[in-house]
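Go ahead and model the full structure; you've got the sequences and the hints to work with.
Here UniProt numbering is used: the first residue of the sequence shown is 1, the next is one more, and so on.
Honestly, the hints are just simulated from the structure, not real lab data. You may find that some hints are simply not true.
[Claimed, not checked] Computed cross-link-like contacts, DSS-like style, restricted to lysine-lysine with a CA-CA straight-line distance of at most 27 Å: (1) 282 <-> 268; (2) 210 <-> 194; (3) 282 <-> 267.
[As the list claims (entries may be wrong)] So the derived label-pair ranges between C-beta atoms look like this: (4) 112 <-> 206: 36 to 42 Å; (5) 135 <-> 206: 22 to 28 Å; (6) 200 <-> 254: 50 to 56 Å; (7) 114 <-> 206: 31 to 37 Å; (8) 66 <-> 104: 17 to 23 Å.
Each residue gets a CB set at the ideal place from its N, CA and C atoms; glycine is no exception.
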Amino acid sequence: MFVQPGTLYVVATPIGNLHDLSPRARDVLATVGTIAAEDTRHTRQLLRHFGIDTPLISLHDHNERDRCGELVATLAAGASLALVSDAGTPLVSDPGYHLVCAAHAADVPVVAVPGPSSLIAALSIAGLPTDRFVFEGFLPARGPARRVRLEALVREERTLVFFESSHRIGEMLEDLVAIFGSEREAVIARELTKRFEETLHGTLPVLAEKIVTDVERRRGEFVVLVRGAPPVLDEVGADAMRTLSILLEELPVRQAAAITARLTGLKKNLLYARALEMAAHKSA
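Pasting the structure below:
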(Lines of atoms letter the chains of each structure in order from A and count residues from 1; the text may use other names and numbers.)
(Lines give C-alpha, C1' and ligand atoms only; values in the text may rest on other atoms or scores of the structure.)
Protein backbone atom coordinates (compact mmCIF):
# COMPACT_ATOMS: atom_id res chain seq x y z
CA MET A 1 0.00 0.00 0.00
CA PHE A 2 1.52 3.31 -1.09
CA VAL A 3 -0.52 5.67 1.11
CA GLN A 4 -1.88 5.68 4.63
CA PRO A 5 -5.50 6.64 5.36
CA GLY A 6 -6.16 10.04 6.88
CA THR A 7 -2.86 11.45 5.60
CA LEU A 8 -1.98 14.58 3.66
CA TYR A 9 0.86 14.03 1.17
CA VAL A 10 2.76 17.10 -0.04
CA VAL A 11 4.04 15.99 -3.44
CA ALA A 12 6.72 17.70 -5.54
CA THR A 13 6.09 17.61 -9.30
CA PRO A 14 8.36 18.40 -12.28
CA ILE A 15 9.40 21.99 -12.97
CA GLY A 16 9.82 21.13 -16.64
CA ASN A 17 11.21 17.70 -17.45
CA LEU A 18 8.51 15.09 -16.79
CA HIS A 19 11.14 12.42 -16.12
CA ASP A 20 11.83 14.20 -12.82
CA LEU A 21 8.59 12.91 -11.29
CA SER A 22 9.79 10.26 -8.84
CA PRO A 23 8.37 6.72 -8.82
CA ARG A 24 7.15 7.32 -5.27
CA ALA A 25 5.34 10.51 -6.30
CA ARG A 26 3.73 8.64 -9.17
CA ASP A 27 2.52 5.89 -6.84
CA VAL A 28 1.14 8.35 -4.30
CA LEU A 29 -0.71 10.39 -6.93
CA ALA A 30 -2.23 7.21 -8.36
CA THR A 31 -3.32 5.86 -4.97
CA VAL A 32 -4.68 8.77 -2.90
CA GLY A 33 -8.40 9.44 -2.92
CA THR A 34 -8.09 13.01 -4.20
CA ILE A 35 -5.43 15.43 -5.44
CA ALA A 36 -5.66 19.10 -4.44
CA ALA A 37 -4.07 21.04 -7.32
CA GLU A 38 -3.19 24.69 -7.85
CA ASP A 39 -4.53 24.48 -11.42
CA THR A 40 -6.52 21.33 -12.19
CA ARG A 41 -6.08 21.81 -15.95
CA HIS A 42 -2.30 21.85 -15.62
CA THR A 43 -2.20 18.88 -13.24
CA ARG A 44 -4.63 16.89 -15.38
CA GLN A 45 -2.13 17.03 -18.25
CA LEU A 46 0.59 15.67 -15.96
CA LEU A 47 -1.64 12.87 -14.70
CA ARG A 48 -2.76 11.98 -18.22
CA HIS A 49 0.89 11.61 -19.28
CA PHE A 50 1.40 8.97 -16.59
CA GLY A 51 -1.99 7.28 -17.00
CA ILE A 52 -3.30 8.45 -13.61
CA ASP A 53 -7.03 9.18 -13.23
CA THR A 54 -7.25 10.25 -9.57
CA PRO A 55 -10.00 12.88 -8.99
CA LEU A 56 -8.84 16.50 -8.74
CA ILE A 57 -10.00 19.45 -6.65
CA SER A 58 -8.71 22.99 -7.07
CA LEU A 59 -6.75 24.61 -4.24
CA HIS A 60 -5.22 27.99 -5.05
CA ASP A 61 -4.52 31.37 -3.46
CA HIS A 62 -8.12 32.56 -3.87
CA ASN A 63 -9.96 29.56 -2.37
CA GLU A 64 -7.50 27.84 -0.04
CA ARG A 65 -8.76 29.38 3.20
CA ASP A 66 -12.37 28.49 2.32
CA ARG A 67 -11.56 24.90 1.39
CA CYS A 68 -9.27 24.01 4.27
CA GLY A 69 -12.13 23.07 6.58
CA GLU A 70 -13.76 20.54 4.27
CA LEU A 71 -10.45 19.02 3.20
CA VAL A 72 -9.22 18.57 6.77
CA ALA A 73 -12.59 17.08 7.75
CA THR A 74 -12.26 14.62 4.89
CA LEU A 75 -8.75 13.70 6.04
CA ALA A 76 -9.89 13.33 9.66
CA ALA A 77 -12.57 10.93 8.43
CA GLY A 78 -9.87 8.67 6.97
CA ALA A 79 -9.45 9.82 3.39
CA SER A 80 -6.03 10.37 1.85
CA LEU A 81 -5.14 13.54 -0.05
CA ALA A 82 -2.19 14.71 -2.14
CA LEU A 83 -1.29 18.38 -2.46
CA VAL A 84 0.50 19.56 -5.61
CA SER A 85 1.33 22.91 -7.17
CA ASP A 86 1.71 23.67 -10.87
CA ALA A 87 5.42 22.87 -10.70
CA GLY A 88 8.01 22.04 -8.07
CA THR A 89 7.48 21.72 -4.34
CA PRO A 90 4.19 23.04 -2.88
CA LEU A 91 4.31 25.96 -0.41
CA VAL A 92 7.60 27.32 -1.90
CA SER A 93 6.07 30.51 -3.37
CA ASP A 94 2.99 28.37 -4.07
CA PRO A 95 -0.31 27.62 -2.28
CA GLY A 96 -0.67 25.05 0.48
CA TYR A 97 0.49 26.79 3.65
CA HIS A 98 -2.98 27.20 5.16
CA LEU A 99 -3.96 23.60 4.40
CA VAL A 100 -0.78 22.20 5.98
CA CYS A 101 -1.26 24.40 9.07
CA ALA A 102 -4.89 23.31 9.38
CA ALA A 103 -3.89 19.66 9.03
CA HIS A 104 -1.33 19.97 11.82
CA ALA A 105 -3.87 21.75 14.03
CA ALA A 106 -6.24 18.81 13.54
CA ASP A 107 -3.49 16.24 14.24
CA VAL A 108 -3.67 14.97 10.68
CA PRO A 109 -0.36 13.40 9.54
CA VAL A 110 1.46 15.43 6.87
CA VAL A 111 4.03 13.54 4.79
CA ALA A 112 6.52 15.02 2.31
CA VAL A 113 7.11 13.33 -1.04
CA PRO A 114 10.20 15.33 -2.03
CA GLY A 115 11.39 16.06 -5.52
CA PRO A 116 11.99 18.97 -7.91
CA SER A 117 12.54 22.49 -6.59
CA SER A 118 13.83 25.31 -8.78
CA LEU A 119 15.24 26.98 -5.64
CA ILE A 120 17.50 24.03 -4.78
CA ALA A 121 18.26 23.23 -8.42
CA ALA A 122 19.49 26.78 -9.05
CA LEU A 123 21.62 26.83 -5.89
CA SER A 124 23.23 23.53 -6.84
CA ILE A 125 24.57 24.85 -10.17
CA ALA A 126 25.15 28.55 -9.42
CA GLY A 127 28.68 28.36 -8.07
CA LEU A 128 27.79 30.75 -5.24
CA PRO A 129 28.08 29.90 -1.52
CA THR A 130 25.31 27.49 -0.50
CA ASP A 131 26.18 26.78 3.12
CA ARG A 132 23.97 29.72 4.13
CA PHE A 133 21.39 31.40 1.92
CA VAL A 134 18.25 33.54 2.10
CA PHE A 135 15.21 32.75 -0.04
CA GLU A 136 13.20 35.91 -0.79
CA GLY A 137 10.77 34.44 -3.33
CA PHE A 138 9.08 37.05 -5.51
CA LEU A 139 9.90 40.69 -4.77
CA PRO A 140 7.03 43.23 -4.69
CA ALA A 141 5.62 43.90 -8.16
CA ARG A 142 5.66 47.69 -7.83
CA GLY A 143 8.98 49.45 -8.26
CA PRO A 144 9.01 51.60 -5.08
CA ALA A 145 8.13 48.67 -2.82
CA ARG A 146 10.61 46.44 -4.61
CA ARG A 147 13.44 48.94 -4.10
CA VAL A 148 12.60 49.37 -0.41
CA ARG A 149 12.86 45.61 0.05
CA LEU A 150 16.17 45.46 -1.81
CA GLU A 151 17.58 48.29 0.28
CA ALA A 152 16.82 46.26 3.39
CA LEU A 153 18.88 43.38 1.92
CA VAL A 154 21.88 45.32 0.65
CA ARG A 155 24.14 44.31 3.59
CA GLU A 156 22.91 40.69 3.79
CA GLU A 157 26.01 38.47 3.77
CA ARG A 158 24.28 35.22 2.79
CA THR A 159 23.57 34.26 -0.82
CA LEU A 160 20.24 35.78 -1.88
CA VAL A 161 17.76 33.81 -3.99
CA PHE A 162 14.79 35.39 -5.79
CA PHE A 163 12.07 34.19 -8.15
CA GLU A 164 10.98 36.53 -10.95
CA SER A 165 8.56 36.49 -13.88
CA SER A 166 9.35 37.25 -17.50
CA HIS A 167 7.51 40.59 -17.57
CA ARG A 168 9.40 42.01 -14.54
CA ILE A 169 12.87 40.49 -14.86
CA GLY A 170 14.35 43.53 -16.65
CA GLU A 171 13.10 46.04 -14.09
CA MET A 172 14.14 43.80 -11.21
CA LEU A 173 17.72 43.51 -12.50
CA GLU A 174 17.97 47.25 -13.08
CA ASP A 175 16.89 47.83 -9.48
CA LEU A 176 19.46 45.31 -8.26
CA VAL A 177 22.22 47.19 -10.10
CA ALA A 178 21.08 50.55 -8.72
CA ILE A 179 20.93 49.35 -5.11
CA PHE A 180 23.53 46.55 -4.86
CA GLY A 181 26.11 48.24 -7.08
CA SER A 182 28.06 47.26 -10.17
CA GLU A 183 30.51 44.80 -8.60
CA ARG A 184 28.15 42.25 -7.07
CA GLU A 185 28.37 38.77 -8.63
CA ALA A 186 25.12 37.08 -9.59
CA VAL A 187 23.64 34.14 -11.48
CA ILE A 188 20.44 33.86 -13.50
CA ALA A 189 18.97 30.38 -13.95
CA ARG A 190 16.29 30.47 -16.65
CA GLU A 191 13.81 27.76 -17.66
CA LEU A 192 15.44 25.09 -15.47
CA THR A 193 15.06 21.50 -16.80
CA LYS A 194 13.22 22.77 -19.88
CA ARG A 195 14.22 22.86 -23.55
CA PHE A 196 15.69 26.37 -23.46
CA GLU A 197 17.38 26.08 -20.05
CA GLU A 198 20.17 28.58 -19.57
CA THR A 199 22.43 29.68 -16.73
CA LEU A 200 24.12 33.09 -16.92
CA HIS A 201 27.02 34.19 -14.69
CA GLY A 202 28.49 37.67 -14.21
CA THR A 203 28.19 40.93 -12.36
CA LEU A 204 24.73 42.45 -12.02
CA PRO A 205 25.26 45.07 -14.79
CA VAL A 206 26.49 42.39 -17.23
CA LEU A 207 23.49 40.17 -16.53
CA ALA A 208 21.05 43.08 -16.73
CA GLU A 209 22.38 44.00 -20.17
CA LYS A 210 22.11 40.41 -21.41
CA ILE A 211 18.49 40.21 -20.34
CA VAL A 212 17.28 43.70 -21.22
CA THR A 213 18.78 43.67 -24.73
CA ASP A 214 17.62 40.17 -25.72
CA VAL A 215 13.88 39.61 -25.96
CA GLU A 216 14.32 35.83 -26.15
CA ARG A 217 16.16 35.81 -22.82
CA ARG A 218 13.28 37.64 -21.18
CA ARG A 219 11.00 34.66 -21.76
CA GLY A 220 10.33 31.95 -19.22
CA GLU A 221 10.72 31.58 -15.48
CA PHE A 222 13.73 32.92 -13.59
CA VAL A 223 15.70 32.18 -10.45
CA VAL A 224 18.07 35.06 -9.66
CA LEU A 225 20.91 34.43 -7.21
CA VAL A 226 23.10 37.21 -5.83
CA ARG A 227 26.33 36.77 -3.88
CA GLY A 228 26.00 38.10 -0.35
CA ALA A 229 27.65 41.34 0.69
CA PRO A 230 31.22 41.11 1.98
CA PRO A 231 31.56 41.37 5.76
CA VAL A 232 31.92 44.97 6.86
CA LEU A 233 34.39 45.83 9.57
CA ASP A 234 32.49 47.97 12.01
CA GLU A 235 34.10 51.35 11.57
CA VAL A 236 31.24 53.14 13.30
CA GLY A 237 32.24 54.16 16.80
CA ALA A 238 30.00 54.56 19.82
CA ASP A 239 29.69 58.35 19.42
CA ALA A 240 28.58 58.05 15.79
CA MET A 241 26.09 55.31 16.69
CA ARG A 242 24.63 57.49 19.44
CA THR A 243 24.29 60.43 17.02
CA LEU A 244 22.65 58.19 14.45
CA SER A 245 20.26 56.76 17.04
CA ILE A 246 19.14 60.24 18.16
CA LEU A 247 18.61 61.43 14.59
CA LEU A 248 16.59 58.30 13.73
CA GLU A 249 14.07 59.29 16.39
CA GLU A 250 13.22 62.41 14.37
CA LEU A 251 14.27 61.75 10.74
CA PRO A 252 13.94 59.17 7.97
CA VAL A 253 16.74 56.59 7.68
CA ARG A 254 18.46 58.07 4.64
CA GLN A 255 18.44 61.64 6.03
CA ALA A 256 19.67 60.54 9.46
CA ALA A 257 22.57 58.67 7.85
CA ALA A 258 23.49 61.64 5.63
CA ILE A 259 23.60 64.10 8.54
CA THR A 260 25.62 61.70 10.69
CA ALA A 261 28.10 61.31 7.83
CA ARG A 262 28.54 65.09 7.64
CA LEU A 263 29.04 65.35 11.39
CA THR A 264 31.48 62.45 11.74
CA GLY A 265 33.21 62.19 8.38
CA LEU A 266 32.27 58.51 8.09
CA LYS A 267 31.02 56.99 4.83
CA LYS A 268 27.34 57.62 4.22
CA ASN A 269 26.75 54.10 2.82
CA LEU A 270 28.19 52.53 5.96
CA LEU A 271 26.00 54.68 8.20
CA TYR A 272 22.97 54.02 6.02
CA ALA A 273 23.49 50.26 6.45
CA ARG A 274 23.74 50.69 10.21
CA ALA A 275 20.66 52.90 10.25
CA LEU A 276 18.67 50.25 8.37
CA GLU A 277 19.75 47.62 10.89
CA MET A 278 18.79 49.87 13.80
CA ALA A 279 15.40 50.69 12.29
CA ALA A 280 14.68 47.03 11.58
CA HIS A 281 15.66 46.03 15.12
CA LYS A 282 13.45 48.74 16.58
CA SER A 283 10.39 47.64 14.57
CA ALA A 284 10.91 43.93 15.30
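When the hints from earlier in the document are held up against this structure, which numbers fail?
Violated hint: only 6; rest satisfied.
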